[in-house]
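Model the full structure from these sequences, guided by the hints.
There are 2 protein chains.
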Amino acid sequence: MKNDHQKEIQNWKTLKSREIFKTPYLNLTEDLVRTPGGKEIKYAYYGKGVKTVGIIPVLKDKKIPLIYQFRYPHKKYSWDLPGGKVDDGEIPKEAAKRELKEEMNIDATRFILLGKFATSPGSNALVSHIFLALDSRISNDRDDEVYDDTEFIQEMKLFTLEEIMAMVKKGEIYNAQTVLCLLLYKEYLSGK
Amino acid sequence: MKNDHQKEIQNWKTLKSREIFKTPYLNLTEDLVRTPGGKEIKYAYYGKGVKTVGIIPVLKDKKIPLIYQFRYPHKKYSWDLPGGKVDDGEIPKEAAKRELKEEMNIDATRFILLGKFATSPGSNALVSHIFLALDSRISNDRDDEVYDDTEFIQEMKLFTLEEIMAMVKKGEIYNAQTVLCLLLYKEYLSGK
Chain A
429 MKNDHQKEIQ NWKTLKSREI FKTPYLNLTE DLVRTPGGKE IKYAYYGKGV KTVGIIPVLK
489 DKKIPLIYQF RYPHKKYSWD LPGGKVDDGE IPKEAAKREL KEEMNIDATR FILLGKFATS
549 PGSNALVSHI FLALDSRISN DRDDEVYDDT EFIQEMKLFT LEEIMAMVKK GEIYNAQTVL
609 CLLLYKEYLS GK
Chain B
429 MKNDHQKEIQ NWKTLKSREI FKTPYLNLTE DLVRTPGGKE IKYAYYGKGV KTVGIIPVLK
489 DKKIPLIYQF RYPHKKYSWD LPGGKVDDGE IPKEAAKREL KEEMNIDATR FILLGKFATS
549 PGSNALVSHI FLALDSRISN DRDDEVYDDT EFIQEMKLFT LEEIMAMVKK GEIYNAQTVL
609 CLLLYKEYLS GK
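So the sequences go chain by chain: A and B.
Counting in the numbering used here, the first sequence runs from 429 upward without gaps.
Counting in the numbering used here, the second sequence runs from 429 upward without gaps.
Please keep in mind that the hints were generated in silico from the structure rather than gathered at the bench.
Keep in mind that the hints are not guaranteed to be accurate.
Identical copies look the same in the list; a pair holds intra-copy or inter-copy alike.
Simulated crosslink set (DMTMM-like; lysine to aspartate or glutamate; CA at most 20 Å straight-line) [to be verified]:
#1 K504 - E468
#2 K503 - E458
#3 K503 - D459
#4 K470 - D459
Spelled out as structure tokens, the structure:
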């Protein structure tokens, strides 16, 4: 059955591909596609070529830092784990290290890949790499805040995993990737 | 601190909003926004007004059905839990019931809301409602397959939770929402 499917993939033909919209934060592509059944369809999707990272930093005392940031599309704040795009020329682990420093002023050297996931595979080509950084420590040497323009980060606080799971239940944490990171971390702990 | 943030939200002003692209499957919006600091910025995001559902159906013998479907943006197949958009006039629970029937020919009446999550809150307004359907049963009365054009569903199979978690570890299941559903179900089981 799987072999049939592999053959079928070869029978999906991208006839045309055009970029409809692009900013540093998102891109939209529309392809003209011939399906294995011979039908020609238009298929629009986001995130062509985009990789992101999500990081769950754990400090020495097991506390987890979260950032409180304004999420314009939802017109509300959320408590989130850090994350962001992998830049051109970067490998995901380097991006994780950089984002952790930029967003939280946290240094870490050991990054454990918990998984690679498609955020929304039907409409988005984006792949997110989820890292655990167990040796995280807050640095004292922040110079300037180097936040991206659209991130609107307001504050950072430390929480226990139990406090955070209670915030998920109350809906104070509603970012799917943050919740996925937390549950993968719980899986990691239970498998140790 | 929270009160300050509430006040700040009022100081985010949407000056203009225009739809850049729209299909039945996705939409893209660009707003002109005045930030609390008085700066005018463009903010593009997708999924304005969109709600979706994700469902984890559990059969009487505790088996979980997955569907094998082609994910064009990733040029590969994935094993997924069912899900889809909430139609106009529908409540999320009705959409969960409908999608479960359409994608898997499964009937269920008891839907337990495990949470509401923002798929990608920085760039997507979409909110996904995750439901557990413990009383799921496969119906014998399938007439015609009523799949959406872009879903490309190929087959359905039943798995144990243990088999599924092994597929997640191997990367055979890579849809973030499917993995989130599974881990929320594990949380639900451990809290019982």
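Outcome of the hint check:
1. For the identical chains of this complex, K504 and E468 are inter-copy neighbours only, at 19 Å across copies versus 41 Å inside a copy, given an alpha-carbon limit of 20 Å.
2. In the homo-oligomer, the alpha carbons of K503 and E458 lie at most 20 Å apart only across protomers (14 Å), although the nearest pairing inside one protomer, at 28 Å, exceeds that limit.
3. With identical chains, the CA atoms of K503 and D459 are at most 20 Å apart between copies only, with a shortest distance of 12 Å across copies and 32 Å within one.
4. For the homomeric pair K470 and D459, the shortest alpha-carbon distance inside one copy (6 Å) is at most 20 Å, but the shortest distance between copies (26 Å) is not.
Comparing the model with each earlier hint shows no violations; every hint is respected.
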